[in-house]
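Each chain is listed here by its residues.
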Amino acid sequence: MATALQIVACAGIVPDPLQTLEPTTGANGPGLKNEMVLPAVLDPWAACALYEAAALAAKHPGSKLWLVALGPKAKLQQVMMTVAQKVAFELVPVDGPIGGFPDAHSTAAAISSAIESIAGLDRTQLFVFGGWESASRGAGVTLQVIGERLGIADLFFGVDQISLRDDGSFEVLERVEGGKHQVSVCAGAPAVLGWATGNLAEPRNNPQIGMSNMRTIMPALQKAKTAALDANSLSYISVNLPKQQRTTRVEKNMSADEIASELVEWIGKDS
Amino acid sequence: MESILVLTHADESGSALTRQSLEAVTAGKELAARLGASLTIGIVAADGNRVASAVKHAGPRLLAVKGDAFAQARFASDAAACEALCRAAQATIVVAPQSSRFARVMAAVALRISGVIDTHITALAGAETVEATRWFYRQRIEAVVTRTARPWFLLLDSGTHEPYAGEAGDAQVDEVYIAVELPALRTEVTGFRAPKQDEQTIRPDAKLLFVAGAGWTKKQPDGAVHVEEAGRLILDFLRASGASLGSSKSLVDQGGEGQSVLPFLTHMNQVGQTGSTPRHAKGLSTCCHGEEPHVVGWRFIGERRAISLDANCGWTRGKADVVYIADAFQVMAKVNELLKS
Chain A
0 MATALQIVAC
10 AGIVPDPLQT
20 LEPTTGANGP
30 GLKNEMVLPA
40 VLDPWAACAL
50 YEAAALAAKH
60 PGSKLWLVAL
70 GPKAKLQQVM
80 MTVAQKVAFE
90 LVPVDGPIGG
100 FPDAHSTAAA
110 ISSAIESIAG
120 LDRTQLFVFG
130 GWESASRGAG
140 VTLQVIGERL
150 GIADLFFGVD
160 QISLRDDGSF
170 EVLERVEGGK
180 HQVSVCAGAP
190 AVLGWATGNL
200 AEPRNNPQIG
210 MSNMRTIMPA
220 LQKAKTAALD
230 ANSLSYISVN
240 LPKQQRTTRV
250 EKNMSADEIA
260 SELVEWIGKD
270 S
Chain B
0 MESILVLTHA
10 DESGSALTRQ
20 SLEAVTAGKE
30 LAARLGASLT
40 IGIVAADGNR
50 VASAVKHAGP
60 RLLAVKGDAF
70 AQARFASDAA
80 ACEALCRAAQ
90 ATIVVAPQSS
100 RFARVMAAVA
110 LRISGVIDTH
120 ITALAGAETV
130 EATRWFYRQR
140 IEAVVTRTAR
150 PWFLLLDSGT
160 HEPYAGEAGD
170 AQVDEVYIAV
180 ELPALRTEVT
190 GFRAPKQDEQ
200 TIRPDAKLLF
210 VAGAGWTKKQ
220 PDGAVHVEEA
230 GRLILDFLRA
240 SGASLGSSKS
250 LVDQGGEGQS
260 VLPFLTHMNQ
270 VGQTGSTPRH
280 AKGLSTCCHG
290 EEPHVVGWRF
300 IGERRAISLD
310 ANCGWTRGKA
320 DVVYIADAFQ
330 VMAKVNELLK
340 S
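Here the protein sequences come in this chain order: A and B.
Take the first sequence: its letter number 63 is residue 62 in numbering that gives the first Met the number 0, and every next letter is one higher.
Take the second sequence: its letter number 145 is residue 144 in numbering that gives the first Met the number 0, and every next letter is one higher.
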């Protein structure tokens, strides 16, 4: 028998990966140059988590999916214009700073407070989904701290697959070293799952889902609570772009034989 | 004065500490020497005594947990074990490897003992304070951070330090087993599963990373796609060279979009923005175009070469040491012939 699920997907917003990033230091510490005008997207790993959550919810009638996202309201609104067309969810926005430089502990505290404030959420049946790392800070800290603050004792990291069973237990595949998956079986919710890429392709835009989502997203954005993030004693000594620039030799006129010989010699040489 | 705890764990066999753990021991020893700090080694394993010999000379104090529950890499038991070791050691700085096992639990452990954590540390410096280097925005921006809050947990990326190899001679070591109060365990690790592929293509210890791009599955000069031939050439090369296989996102994604795809590739092979950033001495990219493989995925690759048909590919310029403007099908066929001979 399919059980109705309560899934909270946590997702940040990050600059579009194709943008050139340049660090700068302001009154509140490091940030990105022109950060507020850089096109933003939903964090890629968190987006995988959201799509997996939606697919899971679709298989279990009566399930509910919330998306908790922290960022400046204006940027959240911009990103939601696209994301809202992908899958159905209810947005729980938190108005806060953008970027990877704020402390992860404070970010997690703000997000767990937002989850706790969701009306009607049955925390005994809760799945917290998110990316195992973000494309901004990339620390893998936020989701764990959220789980710990919510008192959830089962956490999985680098998840690529979850298979729910009729009795409420589930099998989960986590990435481990050496290109393998660790297989675990958990008795059931509540649990935290930090997703790697999963196995789903990005859903196509569906304007009908978008219209439906936006009816609740805009009021939610207007009511979003503001979160001030504490530095937790984190200070930055330097923030720089990598200086390494290589001198590239471009070989346009070598034959396949010549290239192959050179490559084989290079591969065999101790570096 | 700082006191340092290095947390380590056993490998899947339970008979040895992982290489990443031994790298963390090296980092901890260096840091302790620089700061004049005391050093304790903590071991998470079913039988700490079985694996302790490798680090007996690393520090004057060894702490370990014991029990079958710690044979499995599972959040509830690992977090309880690490928490108990941290409380027993009372360290101000906790150094641990960024392994899948510890990355899963250490932020929660830090919170339990009112500490803070920074992860993916690639270097530790500073004579009086600790300065930790890490990357932001998927290896695009490098920062050095410090904290005054203690305890401060630092998870070290693999490959950033030499593994601790031990020292000669007898050492006076205090070995202590720490009792751990386990919560109810609701999760059971049932085994490991390799991706659905003919053979293992991800080899973290390989000297060479071979990156396959989407060009392998595009139309070739004869107007047809040659996916089977591409797959054969790549697998032959991997077998002959012992290289690890990486892939661009676009090539892996093709599988989900119903296009021709190399059957042995999975998301696990992906390098770049939503993939891994592996560490290998050399990297050879083929049929790749774009920032993902050349900037993000290659950040920690030593020597880099590329084969591309696009002489104007801006992403390889300044990122690769050598770019061959050539047909990768022809070149890799010749390379395979030479490697076999």
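One or more hints might be untrue.
A short, non-exhaustive set of chain B residues, derived as facing chain A with CB atoms under 7 Å [stated by the list, open to error]: (1) A75; (2) T128; (3) L308; (4) D309; (5) G313; (6) W314; (7) I324; (8) A325; (9) V330; (10) K333.
Lysine to any residue pairs mimicking SDA-like chemistry, simulated, CA-CA at most 25 Å apart [said to hold, decoys possible]: (11) A/K268 - B/L338; (12) A/K179 - B/I324; (13) A/K268 - B/S52; (14) A/K268 - B/Q253; (15) A/K251 - B/E336; (16) B/K217 - A/A255; (17) A/K268 - B/A332; (18) A/K58 - A/K222; (19) A/K179 - B/P162; (20) A/K179 - B/D235; (21) A/K268 - B/R185; (22) B/K339 - A/M210; (23) A/K251 - B/P162; (24) B/K333 - A/A255; (25) A/K251 - B/S157; (26) A/K242 - B/F299; (27) A/K179 - B/P203; (28) B/K339 - A/E264; (29) A/K251 - A/N239; (30) A/K242 - B/V321; (31) B/K206 - B/R185; (32) A/K63 - A/E170; (33) B/K217 - A/L17.
For the record, the hints were derived by calculation from the structure and aren't laboratory data.
Even for Gly, the Cβ is constructed at its ideal location relative to N, Cα and C.
B/G313 as chain A interface residue, shortest Cβ-Cβ below 7 Å: violated (11 Å)
For the pair supplied as a hint, A/K268 and B/S52, confirm whether the alpha-carbon distance does not exceed 25 Å. violated (35 Å)
Check whether the Cα positions of B/K217 and A/L17 lie no farther apart than 25 Å. Since the Cα atoms of B/K217 and A/L17 sit roughly 23 Å apart, the hinted pair holds (cutoff 25 Å).
Please work out if A/K58 and A/K222 have their alpha carbons no farther apart than 25 Å. Violated. A/K58 to A/K222 sits at ~31 Å, over the 25 Å cutoff.
For the restraint on B/A75, tell me whether the closest CB of chain A is nearer than 7 Å. Holds. Min distance 5 Å.
Holds or violated: B/K217 to A/A255, with C-alpha atoms at most 25 Å apart: holds (20 Å)
With a cut-off of 25 Å on the C-alpha distance, tell me whether A/K179 and B/D235 pass. Holds, at about 22 Å.
Would the hint on B/K333 be counted as holding, given a Cβ-Cβ threshold of 7 Å to chain A? holds (3 Å)
Regarding the hint that B/T128 lies at the interface with chain A, is the smallest CB-CB distance below 7 Å? With a minimum Cβ separation of about 9 Å from chain A (threshold 7 Å), the hint on B/T128 is violated.
For B/K333 and A/A255, compute the direct alpha-carbon distance and say whether it is at most 25 Å. The given pair, whose Cα atoms are some 7 Å apart, holds under the 25 Å limit.
Hint check: 7 Å Cβ-Cβ cutoff, B/V330 to chain A: Constraint on B/V330 satisfied, holds at 5 Å.
Between A/K179 and B/P203, is the straight-line Cα distance small enough, at 25 Å or below? holds (11 Å)
The structure does not agree with the numbered hints 2, 3, 4, 5, 6, 12, 13, 14, 18, 21, 22, 23, 25, 29 and 31 stated previously, though it agrees with the rest.
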